[in-house]
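So the protein lines, in turn, are chains A and B. Per our numbering, the very first residue in the first sequence carries number 394; after that it's consecutive. Per our numbering, the very first residue in the second sequence carries number 4; after that it's consecutive.
Simulated from the structure, these hints should not be mistaken for lab results. From the three backbone atoms N, C-alpha and C, an ideal C-beta is built for every residue, glycine too. Fair warning: there could be bad hints in the mix.
[Stated by the list, open to error] Derived DSSO-like pairs: lysine-lysine, alpha-carbon spacing no greater than 27 Å straight-line: (1) B/Lys195 with A/Lys523; (2) A/Lys515 with B/Lys331; (3) A/Lys472 with A/Lys399; (4) A/Lys630 with A/Lys414; (5) A/Lys486 with B/Lys195; (6) A/Lys501 with B/Lys423.
[What the hints assert, rightly or not] Label-pair ranges, simulated between beta-carbon atoms: (7) A/Lys472 with B/Val159: 55 to 63 Å; (8) B/Glu413 with A/Ile536: 47 to 55 Å; (9) B/Met136 with A/Ile507: 28 to 36 Å; (10) A/Lys472 with B/Val97: 42 to 50 Å; (11) A/Met599 with B/Phe15: 14 to 22 Å; (12) A/Gln479 with B/Ile419: 30 to 38 Å; (13) A/Ile536 with B/Glu151: 38 to 46 Å; (14) B/Trp415 with A/Glu616: 55 to 63 Å; (15) B/Ser14 with A/Tyr543: 33 to 41 Å; (16) B/Tyr408 with A/Tyr447: 45 to 53 Å; (17) B/Leu117 with A/Asn502: 41 to 49 Å; (18) B/Gly132 with A/Tyr447: 55 to 63 Å; (19) A/Met599 with B/Glu413: 26 to 34 Å.
[To be verified] Covered by chain B, per the in silico footprint, the following chain A stretches (three or more residues, Cβ under 8 Å): (20) 398-409; (21) 494-508.
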Amino acid sequence: MTNILKLSDVSKSFGPAQIIKNLNLDIEKGERHAIIGPNGAGKSTLFHLISGHYKPTSGKITLNNEEISDLDPHSINRKGLARSFQVTNIFPKMSVAENIRCGMLWSKNFKYSIFKLLDSEKELNNHTTKILSELNLDHCAHIPAGLLSYADQRALEIGITIASGAETIMLDEPTAGMSNSETARAVELIKKISENRTLVIVEHDMGVVFDLADRISVLVYGEIICTDVPNRVRSNKAVQEAYLGTEGK
Amino acid sequence: MYENMLSYLKSFSSWIILAAIAALLPLMFDSYFALTLLSKMGVLVMFTVAYNMLLGQGGMLSFGHAIYFGFAGYVSVHVLNGIGSEILPYFPIVLFPIIGAIVGASLGCIIGYLSTRRAGTAFAMISLGFCEMATAFTLIFVVFFNGEDGIQTDRVVGPEPIGVSFGPQIEVYYLILFWTLLTVVLMYLITKTPFGRMSNAVRDNPERAAFIGYNVRHVRWIAFTLSAMFAGAAGSLHAINYEHIGFESVSIVQSGQVLFMAFIGGVGHFLGPVIGAIGLTYLDSVLLDITEAWLFYLGVTFSVIVAFAPGGLAGLIVMHGPIARTNKSLLLGLIKPYLTAIGSTLLGVIGTIGIIEMLYFRSLISRGEGEVVIFWYEFNANGFLSWLVFSFLIIAGIYLCRKTYPKARESWDHAISVVKSEISS
Chain A
394 MTNILKLSDV
404 SKSFGPAQII
414 KNLNLDIEKG
424 ERHAIIGPNG
434 AGKSTLFHLI
444 SGHYKPTSGK
454 ITLNNEEISD
464 LDPHSINRKG
474 LARSFQVTNI
484 FPKMSVAENI
494 RCGMLWSKNF
504 KYSIFKLLDS
514 EKELNNHTTK
524 ILSELNLDHC
534 AHIPAGLLSY
544 ADQRALEIGI
554 TIASGAETIM
564 LDEPTAGMSN
574 SETARAVELI
584 KKISENRTLV
594 IVEHDMGVVF
604 DLADRISVLV
614 YGEIICTDVP
624 NRVRSNKAVQ
634 EAYLGTEGK
Chain B
4 MYENMLSYLK
14 SFSSWIILAA
24 IAALLPLMFD
34 SYFALTLLSK
44 MGVLVMFTVA
54 YNMLLGQGGM
64 LSFGHAIYFG
74 FAGYVSVHVL
84 NGIGSEILPY
94 FPIVLFPIIG
104 AIVGASLGCI
114 IGYLSTRRAG
124 TAFAMISLGF
134 CEMATAFTLI
144 FVVFFNGEDG
154 IQTDRVVGPE
164 PIGVSFGPQI
174 EVYYLILFWT
184 LLTVVLMYLI
194 TKTPFGRMSN
204 AVRDNPERAA
214 FIGYNVRHVR
224 WIAFTLSAMF
234 AGAAGSLHAI
244 NYEHIGFESV
254 SIVQSGQVLF
264 MAFIGGVGHF
274 LGPVIGAIGL
284 TYLDSVLLDI
294 TEAWLFYLGV
304 TFSVIVAFAP
314 GGLAGLIVMH
324 GPIARTNKSL
334 LLGLIKPYLT
344 AIGSTLLGVI
354 GTIGIIEMLY
364 FRSLISRGEG
374 EVVIFWYEFN
384 ANGFLSWLVF
394 SFLIIAGIYL
404 CRKTYPKARE
414 SWDHAISVVK
424 SEISS
């Protein structure tokens with residue numbers, strides 16, 4: 394297995410507060426990797442660092458052996474890394490189909506063109522329809538995205554994330570706030586879309602984590618205390634103490 | 004193929020009808036006043052739609068968009084004078100908007116590079132700064148701008164192919180009409196391109212746009228440059244139309260006017276600025292002669308629209324679209340509550356206008372016997388009765404509005420709930 398994403402000695406401080414401390418993490422190509430940890434452990438900060446929203450204070454992040462530590466979000470995205478957000482982050486005024494189509498534009502090399510009419514781009518629109526049916530959103534393709542139900546908006550968010558065809562997908566708490574049946578649907582969707590891709594996921598629902606993940610990293614106070622396959626993480630003493638608490642006993 | 008063509012024609016049918024009406028207007032209104040007014044409307048429609056590329060489509064509030072309009076006008080006048088005095092080789096008048104577009108795009112590219120580094124309030128402040136700077140420029144660099152007098156020019160220069168000299172106003176009107184239609188259609192098509200869509204995406208959610216691979220600053224910068232380009236083309240026509248350009252065309256007044264037009268028409272809809280530009284230009288020309296208080300009324304209208312109908316006039320029309328599509332009789336049911344509400348508003352408005360006109364009149368030095376003409380009737384501004392009548396109208400208007408508005412709102416809520424239930428079933 395080769396590493397697709399590698400963090401070496403990455404630290405991030407906000408003023409005197411060090412949120413991420415000398416963190417090392419290897420994500421292997423094609424795996425589904427979950428990052429878990431108690432609230433305030435720095436999971437979202439870690440996502441922001443990898444995707445370019447924040448710049449690390451020190452250390453190095455590489456994607457496909459290329460350093461991305463100092464790049465802007467759009468440059469990192471163009472190198473094949475796409476992410477979703479903890480708080481739903483879509484284009485609420487645009488139609489559902491338009492959201493997906495926008496997610497695809499850069500990867501299909503449309504750039505900033507003012508000489509192409511999107512409605513007459515057959516291949517682009519066919520691909521949009523295909524992704525919509527994967528997401529089970531084809532019935533509401535032309536409704537403004539802001540009017541969708543919460544669960545459908547979360548699905549759409551995942552759809553925008555995968556639309557670019559990025560190799561590496563990062564999902565930030567994709568099932569947060571969902572009912573059990575909605576969560577089950579979301580997990581099915583995530584399984585389907587992460588085939589032949591690398592998935593990094595932050596998730597609070599342990600059921601989802603143990604169902605999905607090939608490997609799990611446990612983040613506590615800005616440090617990774619353990620990275621291993623689910624069964625061994627479950628039985629790891631340090632993890633039980635720090636995170637799972639009584640639940641693990 | 005044939006069917007394709009037909010569906011294309013169909014989707015453009017409303018445009019074609021609009022173009023035909025605009026082309027036929029001079030046959031109905033052929034006075035010099037009407038022709039100048041129509042020409043001015045054309046120029047301002049073009050300018051306002053260009054401005055809305057920035058404000059409505061791109062979400063950038065600029066207080067200085069007249070810079071590109073005005074500077075393009077100055078350059079066009081200089082080129083015209085250069086051709087007139089045979090310093091410059093001949094260049095066809097028909098193609099002058101291209102000169103304006105180049106000037107606008109170049110300036111927009113430079114100023115946009117600096118100002119699109121920031122969005123929101125900071126962007127608006129920067130644009131205001133540039134506007135002040137541009138106005139100061141026109142007054143300082145007398146060689147190019149000729150100070151407060153501005154520059155005169157003569158648009159009749161060079162050869163006259165097919166007998167068109169662009170001397171008569173009617174020929175200028177058709178020149179303006181041609182360019183306005185062309186640029187408005189182009190700007191409409193741009194909203195359908197990858198850039199156009201991403202401009203909306205950056206407006207709605209810049210963070211998300213960055214994470215799907217787009218450099219948010221570049222999108223804003225391109226929008227700024229294109230908008231300045233079309234504004235420049237309009238500025239060129241403005242100069243040809245008046246055969247004069249002055250510092251007011253780059254000033255905050257001109258920038259404010261285009262903002263008013265876009266907002267009152269409605270920034271959220273592509274045709275909103277067209278409605279705003281035509282309506283306000285008309286009122287501006289007609290009311291300026293009738294009342295001293297026109298700017299006051301404009302200010303009040305603008306504030307009311309921003310506060311109560313942020314979608315502008317187009318927004319008010321478009322929000323009835325879903326009702327019209329589901330059930331036409333629902334729309335008919337709205338007419339009565341709307342008319343009563345509009346009627347009550349009008350009462351109040353007439354009363355207010357009466358009071359304001361009398362106040363204005365009393366502040367004049369030479370007010371003679373106190374006879375003031377309001378709505379074609381003579382009132383005595385010093386008489387108790389006139390004040391009583393208009394005050395009564397205001398009070399009656401307010402009273403009736405309080406009765407009729409809730410009814411109108413109720414009918415609207417009812418209609419929209421029917422539409423919602425029909426869509427979801």
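Original post:
So which of those numbered hints doesn't the model satisfy?
Top reply: Violated hints (numbers, rising): 2, 6, 8, 11, 13, 17, 18, 19 and 20; every other hint is consistent with the structure.
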